[in-house]
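So the chains spell out like this:
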Amino acid sequence: DTEVTQTPKHLVMGMTNKKSLKCEQHMGHRAMYWYKQKAKKPPELMFVYSYEKLSINESVPSRFSPECPNSSLLNLHLHALQPEDSALYLCASSQDYGRDKNIQYFGAGTRLSVL
Amino acid sequence: DQQVKQNSPSLSVQEGRISILNCDYTNSMFDYFLWYKKYPAEGPTFLISISSIKDKNEDGRFTVFLNKSAKHLSLHIVPSQPGDSAVYFCAGIQGAQKLVFGQGTRLTINP
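Protein chains in written order, with the numbering used here: chain L, 1 to 115; chain X, 1001 to 1111.
Please note that the accuracy of each hint is not assured.
[Claimed, not checked] Computed footprint of chain L on chain X, listed as stretches where at least three residues anywhere in the stretch have a Cβ under 8 Å from a Cβ of chain L:
1. 1030 to 1041
2. 1054 to 1062
3. 1100 to 1109
The set of hints was computed from the structure by calculation and includes no laboratory data.
Cβ atoms here follow ideal geometry from the backbone N, Cα and C, with glycine treated the same way.
Model the full structure from these sequences, guided by the hints.
Here it is, written out as structure tokens:
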């Protein structure tokens, strides 16, 4: 089973709203990731959690706030977003830290529209 | 600075023939490469990987070749099937955890 589950699949929010994206995996993976993907572009890394600790933040604006409540769950809290933040948000997980264990498995993504 | 480049935005191949997708990279610190396949409205699906200490890795219909001196890798799919129609991303691993993706190549398999 290589399933990463993301909810919701679609989200529409206003610029003053607060919402959260959720990601869950039950593969025992210890690294989890958030990516942002715009149309016709490759995924861009936002955050990496390794053993439930934030290890990489790719200079993401503070209106995006990640949280890793436990090793299976990853949240992305959204507040005061801009229309240009509309994109597909992908969650991924990998077994562990280190290159030969870094096959990342992706969820189906949340399609976010900011009005 | 685009460290991973897929110079062909699209490729069209006849069913049953070989599909060859190409990828070039500039970062000689990459030590592992992965290929992902992506259907619309889905997340990328891992296909095959190769370590920089190897020059070939094969898994069923998929073979990846790595030419380190040319900083070039390619994915061969043979025989190509209609279900292979998707966007294919090449990615290099920089450091311990960061995947750097190419722009993707849209592969269309024609019946």
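Hints versus structure:
no., hint, result
1, 1030 to 1041, "holds (count 5)"
2, 1054 to 1062, "violated (count 0)"
3, 1100 to 1109, "holds (count 4)"
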